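Colleague: Chains as they are written, first to last, in the numbering used here: chain A, 103 to 276; chain B, 4 to 258.
Don't read these hints as lab results, they were simulated from the structure.
All figures in this text were calculated on a predicted structure; none of them were measured in a lab.
Quick reminder that beta carbons are idealized off the backbone N, C-alpha and C, glycines included.
A few of these clues could be false.
[Stated by the list, open to error] Derived DEER-like restraints, expressed as beta-carbon distance ranges:
id, chain 1, residue 1, chain 2, residue 2, range
1, A, Gly156, B, Arg182, 33 to 41 Å
2, A, Ser238, B, Ala12, 16 to 24 Å
3, B, Thr140, A, Ile250, 51 to 59 Å
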Amino acid sequence: MGPTELARFEEIVLPHLDDAFTLARYLVRDEHDAQDVVQDAYLRALRHFDTLRGGDGRVWLLAIVRNCARTWYRGRRAESLATPFDEERHSGESAGEETEERLRRGEARETLRKALERLAPEFREVIVLRELSGLSYREIAEATRSPIGTVMSRLARARAKLLEALGPEVEEAG
Amino acid sequence: MTDAGHVAAQLEAWLDGELDAAEAAAVEAHLKDCGTCAAAAGRYRALRAAIRVELPALTAPDVLRARVRDAVREAAPRAGPIRLVPWRAIGAVAAMVVAIAGAWKVGVWQAGADRLTDDLLAAHVRSLMPGHLTDVTSTDQHTVKPWFDGRLDYSPPVADETTRGFPLLGGRLDYVGGRPVAALVYGRRLHRINVFVWPERYGSRGPARADRDGYHLEHWTRGDMTFWTVSDLNAEELNTFVRLLQQPDSTGSAP
Numbered sequence: 103m104g105p106t107e108l109a110r111f112e113e114i115v116l117p118h119l120d121d122a123f124t125l126a127r128y129l130v131r132d133e134h135d136a137q138d139v140v141q142d143a144y145l146r147a148l149r150h151f152d153t154l155r156g157g158d159g160r161v162w163l164l165a166i167v168r169n170c171a172r173t174w175y176r177g178r179r180a181e182s183l184a185t186p187f188d189e190e191r192h193s194g195e196s197a198g199e200e201t202e203e204r205l206r207r208g209e210a211r212e213t214l215r216k217a218l219e220r221l222a223p224e225f226r227e228v229i230v231l232r233e234l235s236g237l238s239y240r241e242i243a244e245a246t247r248s249p250i251g252t253v254m255s256r257l258a259r260a261r262a263k264l265l266e267a268l269g270p271e272v273e274e275a276g
Numbered sequence: 004m005t006d007a008g009h010v011a012a013q014l015e016a017w018l019d020g021e022l023d024a025a026e027a028a029a030v031e032a033h034l035k036d037c038g039t040c041a042a043a044a045g046r047y048r049a050l051r052a053a054i055r056v057e058l059p060a061l062t063a064p065d066v067l068r069a070r071v072r073d074a075v076r077e078a079a080p081r082a083g084p085i086r087l088v089p090w091r092a093i094g095a096v097a098a099m100v101v102a103i104a105g106a107w108k109v110g111v112w113q114a115g116a117d118r119l120t121d122d123l124l125a126a127h128v129r130s131l132m133p134g135h136l137t138d139v140t141s142t143d144q145h146t147v148k149p150w151f152d153g154r155l156d157y158s159p160p161v162a163d164e165t166t167r168g169f170p171l172l173g174g175r176l177d178y179v180g181g182r183p184v185a186a187l188v189y190g191r192r193l194h195r196i197n198v199f200v201w202p203e204r205y206g207s208r209g210p211a212r213a214d215r216d217g218y219h220l221e222h223w224t225r226g227d228m229t230f231w232t233v234s235d236l237n238a239e240e241l242n243t244f245v246r247l248l249q250q251p252d253s254t255g256s257a258p
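Start from the sequences and build out the full structure, keeping to the hints where you can.
Modeller: The structure is reproduced here in structure tokens:
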């Protein structure tokens, strides 16, 4: 790769570091692992820069970050995924009368964070891509290599789970 | 719009800005009349607000920013579609090759010869499959020989042995021992004979004769060319054919 290509890469791909880090951080959860995943993704992106061909650099990069994160948690599945992602065991634990009180005490972050962590990765990633990075359904479909219908049903299921975790009072909180 | 179920299904798409203007207007009209759907919409809005406040998008730490930039700049000169293999992997493979080569050296000549006869046999069998026998189909040596010009960096001698009972059927490019080579095809009754020809400088290991899986192979060199012939023709007739090709006046190597 020549200096011109490197300059193009730095212009098109490097600016999306925050989005890349956000996705990696929510997917792999550990700060240092997330940084490793992002760096790995950037090097992979660099090697395959010729496959971008005028598409959206951000969506393209996020697809690579997602793949790197998946590679990462395939390696960690046994130790890291089994327990935290047991949705049934944990769901609803924070719902109930205390929720409004907790929201007032600033514990909503903890509730929401835990609820998000309990989601399986394919549900967590659609929430992060939609709500945090603001991707459209089509862009999420591209980044996750899934049909749009799958994106919509995963979003619906993920939101239902998060609402369930936040409890019935959430509408007043909004 | 009065179908509450329908609107519920569209609520999220509406909140995500994925509906067109007409669909969005219909949902909004419905929300004015339907308390159930309005409440549902309120919950989604609240969830979105909570996520954006409590789980904000993150800013990459400066240390990561520097790390990524440095890693990219360091990797850029050797990145790209041509060199996809990491140098470290190449180094590891090279080290392995060196380590193995010592132990392997003793058997390499014999193995090379076996690989060559394997290649030749495979090429012969492949040529018998429908449509694979010849690239240029002609009984005329003066058509077949020039066909190889520009396709190979040498000109194989082409002899026509029709009058002696081995008609030339044509020629084709084949791939033997890791190189493109000339293959000439002759017939004898229903049998097919492949003659592979390449310059001796390419290397030519192997026995003068071999039998494999019912096929006979013969090998000779003449001038600066190496010849291998493969056929299921019986060994006597194949040897007759080989001796014909070995005659000085039959090779057509003169222009």
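Colleague: All the hints need checking, so say for each whether the structure fits it.
Modeller: The hints, checked one at a time:
{"no.": "1", "hint": "A:Gly156 to B:Arg182: 33 to 41 Å", "in the structure": "40 Å, holds"}
{"no.": "2", "hint": "A:Ser238 to B:Ala12: 16 to 24 Å", "in the structure": "18 Å, holds"}
{"no.": "3", "hint": "B:Thr140 to A:Ile250: 51 to 59 Å", "in the structure": "53 Å, holds"}
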